[in-house]
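Q: Residues per chain are reported as follows:
Protein chains: 2
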Amino acid sequence: MMGGMTEGKQSQQKTQGKQDHKAKQYGVTPQSEDFNDWYNEVVRKADLADHSPVAGAMVVKPYGTALWERIQRGLDDRFKATGHQNLLFPTLIPMGFIMKEADHVEGFAPELFTVSKIGTEELAEPYVMRPTSETIIGHMWSGWLNSYRDLPFLHNQWGSVFRAELRTKPFLRTSEFFWQEGHTAHASEAEARAEVRQQLDEYHSFCRDVLALPVVRGEKTASERFAGAENTYSIEGMMRDGKALQSGTSHYLGQNFSRAFEVKFQTAEQREEFAYTTSWGLSSRIIGALIMTHGDDFGLMLPPNIAPIQVVIVPVGRKEDFARMVEEARTLAAELEREGIRVKVDDREGLTNGFKYNDWELKGVPVRIELGPRDLEAGQLVVKNRTSEDKETLGRVDAVSSMDARLDGIQRYLYERAKNFMLENTVTVDTYDEFKAAIEAGKWVRAFHCGDPESERQIKEDTKATARNVPFDDTEFFGEREEGVCVHTGKPAAYGKRLLFGRQY
Amino acid sequence: MMGGMTEGKQSQQKTQGKQDHKAKQYGVTPQSEDFNDWYNEVVRKADLADHSPVAGAMVVKPYGTALWERIQRGLDDRFKATGHQNLLFPTLIPMGFIMKEADHVEGFAPELFTVSKIGTEELAEPYVMRPTSETIIGHMWSGWLNSYRDLPFLHNQWGSVFRAELRTKPFLRTSEFFWQEGHTAHASEAEARAEVRQQLDEYHSFCRDVLALPVVRGEKTASERFAGAENTYSIEGMMRDGKALQSGTSHYLGQNFSRAFEVKFQTAEQREEFAYTTSWGLSSRIIGALIMTHGDDFGLMLPPNIAPIQVVIVPVGRKEDFARMVEEARTLAAELEREGIRVKVDDREGLTNGFKYNDWELKGVPVRIELGPRDLEAGQLVVKNRTSEDKETLGRVDAVSSMDARLDGIQRYLYERAKNFMLENTVTVDTYDEFKAAIEAGKWVRAFHCGDPESERQIKEDTKATARNVPFDDTEFFGEREEGVCVHTGKPAAYGKRLLFGRQY
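In order, the protein sequence lines correspond to chains A and B. Heads up, the final residue of the first sequence is numbered 505 in the working numbering, and it's a clean run with no missing numbers. Heads up, the final residue of the second sequence is numbered 505 in the working numbering, and it's a clean run with no missing numbers.
Wrong hints could be hidden among the right ones.
Where chains are identical, the list cannot tell them apart; a pair therefore holds if satisfied intra-copy or between any two copies.
In the DSS-like style, the derived pairs of lysine-lysine whose C-alpha atoms are separated by at most 27 Å in a straight line are [stated by the list, open to error]:
#, residue 1, residue 2
1, K117, K264
2, K391, K419
3, K436, K391
4, K264, K356
5, K117, K100
6, K117, K243
7, K391, K243
8, K169, K117
9, K100, K419
These are calculated hints, taken from the structure and not from any lab test.
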């Protein structure tokens, strides 16, 4: 399966031998050898997360938390700019609430964490730890909503949710994960549908502009819908092993939850109506997407717009110069900080330069500056981009004043690299044999489908691939309208276009 | 008990009759009539929080969440400036962990939320929802710590914790509450003790400078210590009913938790030693302190440095002018926002001016501007501080350019008002009769005590008052060193100074 990936790796191919050597020297398994091991080692060695003594739950370490906090801040600012407000709902939900929406209970019952004892008291009705909050928010809304004048409710919550997972993997699949869940209620279907799309587009532009992640916007097929939704939309990204990662979802819930929880209002015409509701979420699994979209055999590669540290300065030179070089590095850091750049000075003692270089490459810091006594005297700096093998020697003044542009360049490069990789590893097929071969080779597949859930199930059984989404007409990737016949059943194709299929995380 | 409060209410006394009338008209119980009702009504009507269907848990509504987010942001910036890093630990803790530190289990066992089922699987060892995270953090540290070079660990976590409460009250006492918990590990006792004090001082200066809350720093007596701590320090604030609110705590844990969880390191001298650890926390109950320290019979009174909205502009005038006035209000808002001020335009239709004025007073917005067609033509604005009964008519340019100074003035006024109230309602006593009378009158009491926990218990039984803390020598309030005999037992006084006693929330 990894064989299919080399097409997209041109920029790295040249130095592959050298990379493998260095990677092994510092103990990171190359992606091409075992992508899964590579991922787990990067998460651990870059200090993003650790296993915990709680089944299926991770501990997010300082570097991973700093990354998540920057993602939170960026999204939260966007949500607020479009009028959304944050609230804090309880972590627990009465078990009976989950039961009220038929599809919802069916979807979530097998994954619930149940609380049946508080102190020494056994509870008559147990609570569950929230797997998602539609039900309790619906309950609260029913008390808050009277008139159409109260609408829309544009609510969001940051927190963690709990869904039992057997096979876990840090950031991608854990029993407790961190997310935001947006919940909105509207007086009309049209307004609710516009919200669903607006928030999906917000995820898309945040991924594109901040995380340098190209993602495909589209609608999920019926069998991949959220439990209780009328329509589910997603953004899908391609990882460097060719698998898809669903990176955010936005749901049109119609009146399903408002009926179940009596979320009613009086219209301008004095009629009583149920509200039209939406929900949308993006979670800490987006960190998994960052790792697996941009990372290489040296480790993480963070886009400058999200990197907690954009530039690291490593003081080098003889031991007796170290304290002075650290001082000089701090002066340089202050100059860069005045340009609005996030800088770290590596003042750790007793470590070799090689160890430090490797450590910051592993952590994916976009730019490294080496500062030694000779360079200092010559008014020069040695600068290395994480995205390149080459060091550059630059005049100090120029290096500082051009740093912002350099970071922009790295940001653009990472997006283009990921986009090209996705395009090169997506194939358009018209026969089921081609379909199976392409999936086996680690590709995404564009194919017509009849829309029958049973056929989707069979495809999954045969190939482990699922329908990722039906790309929107107006998304930038794969959205062309076309007619054809189902790649699996030969029946007339549904959707008026090809679907995107792939194996998924 | 409320009788004792009138001493501190000079500034409000003048207009008490008018206030009561207005308060009742809009349906807020005056503080002097029933402080508890006043509190609950303000929380609900100012849209800070609501009850939830989960026993003992609240829903924090948008205005309350905005307030908490500003508190989080302010504290988080301070923690990071002193080198602390955030992490995310699991919400669940293996039951066995809680059992490992003897005092800890005794303190928390009666309050635990137990999870004994995941999906359909009954757990052999149940989990508890964290009541605090010392145990699981200790467990993780033991895996991360090797050498003295790894120390200090300066960690913090934002999240919610769970402790069963029978009688709940929004923000003050809920089964789930929101907080930060700092956890640090050090190579020496001295360094750990310095951390404990530094973080208590950070809480103190944040309360003073941002929340306009005067608080007394000091050490808790043995019977009021955190379960598992060697020393517990607190900041204590006085509410307008004379009760104390413990507003933040900082604990020196010695080696208690590091022994229980094997948090060991190799010293520079190659010896093995247990780390010295600390923890410190401040929670959403600080919002209760804001409400009850600054609020009056009109509702909340928010210090400008923390208020989510600092200035509200209410467009007034005839109905046919409303749309134009809203536009003008937006222009004015933009001018104020350029000065760095947080502004809201009240563009709600169909509400009377009186309703809006009352609503924003209830929400405690520091400054209200009324903007009508005649004022607009005259280049004037009507400005009213939340802290004053009087409206002022000011030239528009002046009103804008002086707004920052006006907000500073309100900030200072609120701190001084609260400080004077606390000083005027604290009495120094030397007999137990005086002690009981002062407590009954709703005062804080400064008195000598012998240090015997049994005597503290008896005092609590007699008076419902507890030892708040032993004020530090270098705190600004009540810290003078003195010798004397115990107000209760007549034995020689411990601590070398008077303790602060009071009834508490």
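Q: With 27 Å as the alpha-carbon cut-off, assign the pair K264 and K356 to within, between, both or neither.
A: Close across copies (26 Å), not inside one copy (60 Å); limit 27 Å.
Q: State whether the alpha carbon distance between K100 and K419 is at most 27 Å within one copy, between copies, both, or neither.
A: neither (43 Å within a copy, 52 Å between copies)
Q: Could you figure out if K117 and K100 sit no more than 27 Å apart (CA to CA) within one copy, between two copies, both or neither?
A: both (23 Å within a copy, 21 Å between copies)
Q: Tell me, please, which holds for K117 and K264 at an alpha-carbon limit of 27 Å: within, between, both or neither?
A: Cα proximity of K117 and K264: none, with 34 Å in one copy and 35 Å across.
Q: For K436 vs K391, is the C-alpha pair at or below 27 Å within one copy, between two copies, both, or neither?
A: neither (44 Å within a copy, 77 Å between copies)
Q: Give the relationship of K391 and K419 under a CA distance limit of 27 Å: within one copy only, between copies only, both, or neither.
A: Within. Shortest intra-copy distance 26 Å satisfies the 27 Å Cα cut-off; inter-copy 60 Å does not.
Q: Cα distance capped at 27 Å. Does K391 pair with K243 within a copy, between copies, both, or neither?
A: Neither, since 33 Å and 65 Å both go past 27 Å.
Q: Have a look at K169 and K117 and pick one of within, between, both or neither, based on CA distance no larger than 27 Å.
A: So K169 and K117 pass the 27 Å test across copies only (22 Å; inside, 30 Å).
Q: From the Cα coordinates, with 27 Å as the cut-off, is the pair K117 and K243 best called within, between, both, or neither?
A: neither (42 Å within a copy, 33 Å between copies)
Hint compliance for this structure: hints 1, 3, 6, 7 and 9 are broken, all remaining hints hold.
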